[in-house]
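S.K.: Sequence:
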Amino acid sequence: MLKTTPLNQVHRAMNAKMVDFGGWDMPLHYGSQLDEHHQVRKDAGMFDVSHMLPIDIKGNDVRTFLRQLVANNVDKLTLPGKAIYTCMLNPQGGVIDDLIIYFLSENWFRIVVNAGTAEKDTNWIQAKRDEIAPELEILPRRDLAMIAVQGPNARNKVWQVIPGSQAETENLKLFQSTTLDNYFIARTGYTGEDGFEIILPADDAATFWNALHTAGVAPAGLGARDTLRLEAGMNLYGQDMDETTSPLESGLAWTVDMKSERDFIGKQALLEKPVTHQLQGIVLLDRGVLRSHQKVVAQENDNMYEGEITSGGFSPTINQSIALARIPSQISVGNEVNVIVREKKLRAKVVKYPFVRNGKVLIEQ
3 MLKTTPLNQV
13 HRAMNAKMVD
23 FGGWDMPLHY
33 GSQLDEHHQV
43 RKDAGMFDVS
53 HMLPIDIKGN
63 DVRTFLRQLV
73 ANNVDKLTLP
83 GKAIYTCMLN
93 PQGGVIDDLI
103 IYFLSENWFR
113 IVVNAGTAEK
123 DTNWIQAKRD
133 EIAPELEILP
143 RRDLAMIAVQ
153 GPNARNKVWQ
163 VIPGSQAETE
173 NLKLFQSTTL
183 DNYFIARTGY
193 TGEDGFEIIL
203 PADDAATFWN
213 ALHTAGVAPA
223 GLGARDTLRL
233 EAGMNLYGQD
243 MDETTSPLES
253 GLAWTVDMKS
263 ERDFIGKQAL
273 LEKPVTHQLQ
283 GIVLLDRGVL
293 RSHQKVVAQE
303 NDNMYEGEIT
313 SGGFSPTINQ
323 SIALARIPSQ
333 ISVGNEVNVI
343 VREKKLRAKV
353 VKYPFVRNGK
363 VLIEQ
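Residue numbers (my numbering): 3 to 367.
The set of hints was computed from the structure by calculation and includes no laboratory data.
There could be a bad hint or two in this list.
Within a straight-line C-alpha distance of at most 25 Å, the following computed DSS-like cross-link-like pairs (lysine-lysine) qualify [claimed, not checked]:
| # | residue 1 | residue 2 |
| --- | --- | --- |
| 1 | K44 | K19 |
| 2 | K60 | K44 |
| 3 | K19 | K5 |
| 4 | K130 | K269 |
| 5 | K261 | K297 |
Please take these sequences and the hints and turn them into a complete structure.
M.R.: Have a look at this one:
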């Protein structure tokens, strides 16, 4: 029996193509994945991300607990509503999950974790709570829904739907949030475009979704979400990193605070293990499509090196096949490499990602 979000019947009423996504019944597209992708890049689209899980952590010394739990430093969070992106690591330095942490007050932080890891994450957080700060409350919030509204016109359209929201959110910077009535509104996203991720009571989700649709926001499914995040160079858990990979070799060094004296789970392993690989962008020069697990081979200074694509696909914005790949550190941006596709070597180029942000192509064509 697949799990469903509060918007399941709304998706079906909109004739969405529904698929099994990690045990959840989710919309793949509403007719055209390509149109939905372009709608987000050029106007505004909305995604049901209610399969993701907000977890509220409440009590004294929440900050002390999170200092040890995650790799980024929550001491950066001093303004209520401010958020950081980080990883939660195992003792071996592998990534249990990537997540966003919101600072609401000294006694209340909110974590939003991925759907596929939600149960694992909750169990891990509760176990570490029992070891470090047993007085804290860990509150998974399945009573809430989450809708992402993304695109250059996304904020304007949200302002049309939520009375008073423009005055409350117009000056929100990226990775800031605020609460207005029953709406928790964060200026975050997974598409490389501006917009909001909005958490609200599950019972209100369908009415809000339909109001956004009436305001001209196009529904978008998992297919467009994946091509958008790939163009934006954003990691997907389970592909670009997992419990066997270091964040330092997954393009996530910026989410790991190694400078402060603060200790955190996995820090010692990161200090002891040399970094030998890097996550880089790949653009295919020959005809074909890049996919995860394809081998990347390159020659540098008479030495042969091998890496692997972690995420790949066709970029609707660039009209080329692109990928993220974990490759040896010796392979430089600008190098030409070969990707093994169906036992054939196809020419490709290593580039610095993101490929697209805010509707603009950032790589040389």
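S.K.: When the hints from earlier in the document are held up against this structure, which numbers fail?
M.R.: Violated hints: 2, 5; rest satisfied.
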